[in-house]
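> Following the hints, put chain C in place on chain R, whose structure we already have.
Keeping their order, the protein sequence lines are chains R and C. Counting along the first sequence from 1, when you hit position 138 you're at 137 in numbering that gives the first Met the number 0, and nothing is skipped either side. Counting along the second sequence from 1, when you hit position 60 you're at 59 in numbering that gives the first Met the number 0, and nothing is skipped either side.
Rather than coming from a laboratory, the hints here were simulated on the basis of the structure. Backbone N, C-alpha and C fix where the C-beta goes; we use that ideal spot for every residue, glycine too. Possibly wrong hints are sitting among the right ones.
Result set (DSS-like, lysine-lysine): computed pairs, CA atoms no more than 30 Å apart in a straight line [to be verified]: (1) R:Lys106 / C:Lys50; (2) C:Lys27 / R:Lys110; (3) R:Lys19 / R:Lys169; (4) C:Lys46 / R:Lys169; (5) C:Lys103 / R:Lys106; (6) C:Lys80 / C:Lys31; (7) C:Lys30 / C:Lys108; (8) R:Lys106 / C:Lys80; (9) C:Lys13 / R:Lys19.
Short, incomplete list of chain C residues facing chain R, as computed with Cβ under 7 Å [stated by the list, open to error]: (10) Arg1; (11) Met7; (12) Thr9; (13) Phe35; (14) Asn36; (15) Phe39; (16) Leu44; (17) Lys46; (18) Val110; (19) Pro111; (20) Asn112; (21) Met113.
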Amino acid sequence: MKLKQLEGLLGDLQQFSHPKVELEQYPTGPHIASRMLFTAENSYGDITDKVVADFGCGCGTLSAAAALLDASCVIGFDIDPQSLETATLNAEELEVEIDFVQCDVTKLELKGQVVDTVVMNPPFGTRKKGADMEFLSAAMKVASQAVYSLHKTSTREHIKRAALRDFNAKSAEVICELRYDLPKLYKFHKRKEVDIAVDLWRFEPRQN
Amino acid sequence: MRLIVHNMLTCNIKGVINKFPLRIEAEKVIKKEVDFNPDFLRHMLAKIEWKALVDGARSMGYTELPDHAPALESDEPFLRKFHHALLELNLEEGSLVCQESGRKFPVEKRVPNMLLHEDEV
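Isolated chain R (complex conformation) (with noise of 0.2 Å):
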């Protein structure tokens, strides 16, 4: 599948009708889903035919760019009900197989080797803070041979140290750095939409 085609079909998809702000609900936009997904399967091999959990999943952006790519199982974590019901459709409405499991990935507890590839956009702690770093040691414990995560470039040298020292990391690098545009979604946003500067991450874990 080529990058253009994969965008488009990833705008398609059905976003938050109401989003939580407690939860830091914001879309993942097609073209940083789509940018993510490809260099993970193009530049790594680490989507096609492979185990792809997506922590924090939403309305299912990241599963179904990894369905889209041919993971032979994706699987999509998230704690509201609500969200998991327009994963759910999106993913019959592309005609893709996503098993979808509600769930505090931050309290979840996952047995074996099974997931390969770990990717998210998880909420980057500003409402709850930390929370990106839980989910990035979650994902960090649960992945055998990859994780992708998108956080603020601002916490860039946080993250890499935490990830080496903390985390079982072996490798932590950016693979590139993205303007995440957030349109106003929330009340207390004064701009009508505002860019943020977000690092793409991959993270190899040691093996266990």
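Showing chain C alone in chain R's frame:
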């Protein structure tokens, strides 16, 4: 919920030691065809908890899986059964039950709800 997912879910209630596997109580099971990928299946054979898969499949009405995976993994009839159990059976409605605490995690519209109550964390 398909059995590939069931094979990784545990009960994370505080204090529970025997967290895996969760017993399946099936109310509604659907079957959905998925493309057969033998290389992927061979790769999964080493990672899957076999007994949990066999018991899970039985709970969902599929009894064709052998008690042990055969030594010759290239055996296609076996791989087809493995494929069917792992990827084509889907629990639409039912529960996942913790063998130690008895806690039931509901499965509704194919989605298991693993959220804990405040006193379980």
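> For every hint, state whether the structure bears it out.
Status of each hint after checking the structure:
no.: 1; hint: R:Lys106 / C:Lys50; result: 26 Å, holds
no.: 2; hint: C:Lys27 / R:Lys110; result: 25 Å, holds
no.: 3; hint: R:Lys19 / R:Lys169; result: 35 Å, violated
no.: 4; hint: C:Lys46 / R:Lys169; result: 22 Å, holds
no.: 5; hint: C:Lys103 / R:Lys106; result: 17 Å, holds
no.: 6; hint: C:Lys80 / C:Lys31; result: 14 Å, holds
no.: 7; hint: C:Lys30 / C:Lys108; result: 14 Å, holds
no.: 8; hint: R:Lys106 / C:Lys80; result: 34 Å, violated
no.: 9; hint: C:Lys13 / R:Lys19; result: 28 Å, holds
no.: 10; hint: Arg1; result: 6 Å, holds
no.: 11; hint: Met7; result: 4 Å, holds
no.: 12; hint: Thr9; result: 5 Å, holds
no.: 13; hint: Phe35; result: 11 Å, violated
no.: 14; hint: Asn36; result: 6 Å, holds
no.: 15; hint: Phe39; result: 5 Å, holds
no.: 16; hint: Leu44; result: 12 Å, violated
no.: 17; hint: Lys46; result: 5 Å, holds
no.: 18; hint: Val110; result: 5 Å, holds
no.: 19; hint: Pro111; result: 6 Å, holds
no.: 20; hint: Asn112; result: 5 Å, holds
no.: 21; hint: Met113; result: 4 Å, holds
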